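Novice: From first to last, the protein sequence lines are chains U and F.
Letter 479 of the first sequence, counting from 1, is numbered 479 in my numbering, and no numbers are missing.
Letter 23 of the second sequence, counting from 1, is numbered 23 in my numbering, and no numbers are missing.
Where hints are given, some of them may not hold.
[Stated by the list, open to error] Beta-carbon label-pair distances, calculated as ranges: (1) F/E30 / U/R621: 29 to 39 Å; (2) U/G679 / F/P45: 53 to 63 Å; (3) U/L662 / F/P45: 53 to 63 Å; (4) F/Q44 / U/E539: 19 to 29 Å; (5) F/E57 / U/A511: 24 to 34 Å; (6) F/E30 / U/H231: 55 to 65 Å; (7) F/Q44 / U/Q66: 25 to 35 Å; (8) F/E30 / U/T523: 31 to 41 Å; (9) F/R26 / U/T523: 33 to 43 Å; (10) U/R469 / F/K19: 51 to 61 Å; (11) U/T523 / F/K19: 29 to 39 Å.
[What the hints assert, rightly or not] Derived contacts from chain U toward chain F, CB cut-off under 7 Å, selection only: (12) I188; (13) R191; (14) H195; (15) R490; (16) A495; (17) V498; (18) F509; (19) K512.
Read the hints as simulated data drawn from the structure, not as lab findings.
Just so it is clear, the structure is predicted and the values come from calculations on it, not from any experiment.
Backbone N, C-alpha and C define an ideal beta-carbon position, used for all residues, glycine too.
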Amino acid sequence: MRLASLRLSNFRQFRGTTPELSFAPPGERPITVFFGTNGAGKTALLNAFTWTLYGVTSRGFLLADQVVNKAALREAKKSDTVDAWVEIKFEHLDCNYVIRRTQRVRRGDTEADATLLGDPVTELQWAGPDGRWRSETSVQDTIGRILPEDLHTYFFFDGERIERLVQPREEERADIANATRKLFSLEILDRAIRHVSAAKRTLEAEYQRIGDAKTVLLIEEKRKVEDTVAHKQQRVRELDKNIDGHRQAEDEIQNRLRNLQAVRQIQERREGLQDDKAARSASLSQVRSEVSALLSSRAYTIFLPDACDTYRRVVDAMRQRGELPAGIKKQFVEDLLSKNECICGRSLDHERETDARAVVESWKNRAGLADVEEKAIRMGGEVKQLEVYTDQFWVQLDHFEERRTADRQELSRIEENLERISEQLRHSGEEEVGPLEERRRQILKAIEGDLIEQGSCREVMKGHQERLREIEAALEKHQATEAKQQLAKRRLDAARDVIERIEKSKSRFEAKFRVDLTKKLRTLFDKISYTPYVPEITEEYSLCLRESAGGMPLPVAASQGESQILSLCFIGAVIELAREYQARKERLPGPDSSQYPVVMDSPFGSLGPTYRRQVADHITRLADQVILMVTNTQWRGEVEQSLSGRIGKAYILQYYSPKSDLSAETIEVGVASYELIKGSPNDFEYTTVSEV
Amino acid sequence: MSDSTSSNANPIDAFEPLKSGPDHIRRIIEKVLKLEQERLYQRQPHLNDDVVRIIKEQVI
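Whole structure, please, built from the sequences with the hints as guidance.
Specialist: Given below as structure tokens:
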């Protein structure tokens, strides 16, 4: 940031509008000096900067209703408005800026009775390298990016209060630490850690919301179900083999029985019955399938008779009311009405034949039922068909039931016969036959047992396969979720990595920065101070002086002068280090500037001659641009000798006093002499500024 | 005067962790720091949504 010029209008002591007060640019002669006596407006100049740029002023300096110059108010008429404003021009990164802050006041009966018209208004215009001027609406944001507000302590300061940096009030302590951290981007790293950590919590919540617990459970269940199904399938296959084996054994027994002369006939009869049983069983299965098909296709019709009856009642009622059939078309009635003549030849005039017209019009509604009639006819056919279906359903069902009963009876008869044959064989007197039949019965029991177990296995498999389909559908849904979940996890990991890296950098940079700043501060303090004290920067970036005693630094109570020196050295060290880091590109994104102006009000206030010379010599060399406000006594002697070769611009603040017994005060600048106090031509005080 | 403490004795690059990560991590860091810089003038900027967005844009 490079300050270009300042203009004041009715601001505090400055009556009317000052000329544009341009500042010495950085270079060989970067110092601009304002000479003024006490009360001439030196502190007002300092505050003009902070009030305009940040809306703040020195503690206790500027109350809102004291912004406007008293003389201007006194000269105004009652109810006139008076504007007090400050305009600063500056450059920053190849752009020119003009900022103006205005406070409007309305005068009452007296100049003391003035009313503020709203809050001060700030306007900011800027022009880039193209030279086109634009208005900026977010003024504080723009200024904040150029030189953040809490850094203004370092760049615009009141020398008489500068020791506050060393002896800050409790509430100021954090501000100083924040400003330092901000200037060196440590604040950016802190905030980045804080904000990425907050973002990490958001990502964690998202990750948990997507959650993988359910997927894991589903996969586990799927595996268990698949194991069970595989186990049951294996068992079904084993049982199949068992049954085959049993059947072969049974066939062999039956063959042997057939080969035994004594029981051949019985066995052959049994085989005939077994064939009959198989045929009947097949027939029974066939009937069962046909009944199923019939129930699926026609059973619904038996639930419809009530609905059909209701339908008929509705249609019959409509017929009775004459709504059906609709013997007349709506269009026909409309044609009669538009011609104003009935089919009987009677007039349907709107005015004279209103009754006749109303009667014909009522036909329009009835004619409207033509659509209903069409639907009713179609529906009537369907209802009739439904009743046919119902009748057919019962007939067919009865027929199937008869066949089923016949098959069952026949089966039962066959089974009885087969059982009798079996008993006959079991108790046959022939050797071999009894045991063979007994063995066959055992085999049949075993087959029955196996078939039952097979059925049970198939039932279990059916249930499990159903569950497997459900799990697979759920998993498919979760697979999409799983991809999202992996993404959420990667984002979470990235946030963790980012935090870790920023924390590591911050701790390395902070350590390095504290060492560099301490070194810079000590070097500067050593050049200026003649005391043996050693300055120290605490963890919280506050300052203290310590006395080197036996290698152990001890806190010492610094004098006001010593504190001022230390504070000035600190500011100098901060500015110099910031500039060095900037030049070495050894920095993070932060307040972006390679030029730092310093505006100092009475920086030599309570210093002795040696310190004045040292401060003038060293501190003013650290900033690129220096704007100094000094009194005659602060200037004369050491400061003048040190600085006179580097002054680029100088201004005199001439204070006009209404008092008559004024003691003259003059300042010598170069070969000329200037009066700092003059008699006011009227009865109020004010200040004017003129370039030397 | 105690000038023995010198950062030159420590050659470690403070910003190396910010520069040495994988591409997406470097891009996130770069964008987050730029965002922080832009909002440095605010005392308590609310950047959670922006930072989440940056991470999501870089990890896809």
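Novice: The structure should be examined with respect to each hint, and the outcome stated for every one.
Specialist: How the hints compare with the structure:
no.: 1; hint: F/E30 / U/R621: 29 to 39 Å; result: holds (36 Å)
no.: 2; hint: U/G679 / F/P45: 53 to 63 Å; result: holds (55 Å)
no.: 3; hint: U/L662 / F/P45: 53 to 63 Å; result: holds (54 Å)
no.: 4; hint: F/Q44 / U/E539: 19 to 29 Å; result: holds (23 Å)
no.: 5; hint: F/E57 / U/A511: 24 to 34 Å; result: holds (33 Å)
no.: 6; hint: F/E30 / U/H231: 55 to 65 Å; result: holds (58 Å)
no.: 7; hint: F/Q44 / U/Q66: 25 to 35 Å; result: holds (32 Å)
no.: 8; hint: F/E30 / U/T523: 31 to 41 Å; result: holds (34 Å)
no.: 9; hint: F/R26 / U/T523: 33 to 43 Å; result: holds (36 Å)
no.: 10; hint: U/R469 / F/K19: 51 to 61 Å; result: holds (53 Å)
no.: 11; hint: U/T523 / F/K19: 29 to 39 Å; result: holds (30 Å)
no.: 12; hint: I188; result: holds (5 Å)
no.: 13; hint: R191; result: holds (5 Å)
no.: 14; hint: H195; result: holds (5 Å)
no.: 15; hint: R490; result: holds (5 Å)
no.: 16; hint: A495; result: holds (6 Å)
no.: 17; hint: V498; result: holds (5 Å)
no.: 18; hint: F509; result: holds (4 Å)
no.: 19; hint: K512; result: holds (5 Å)
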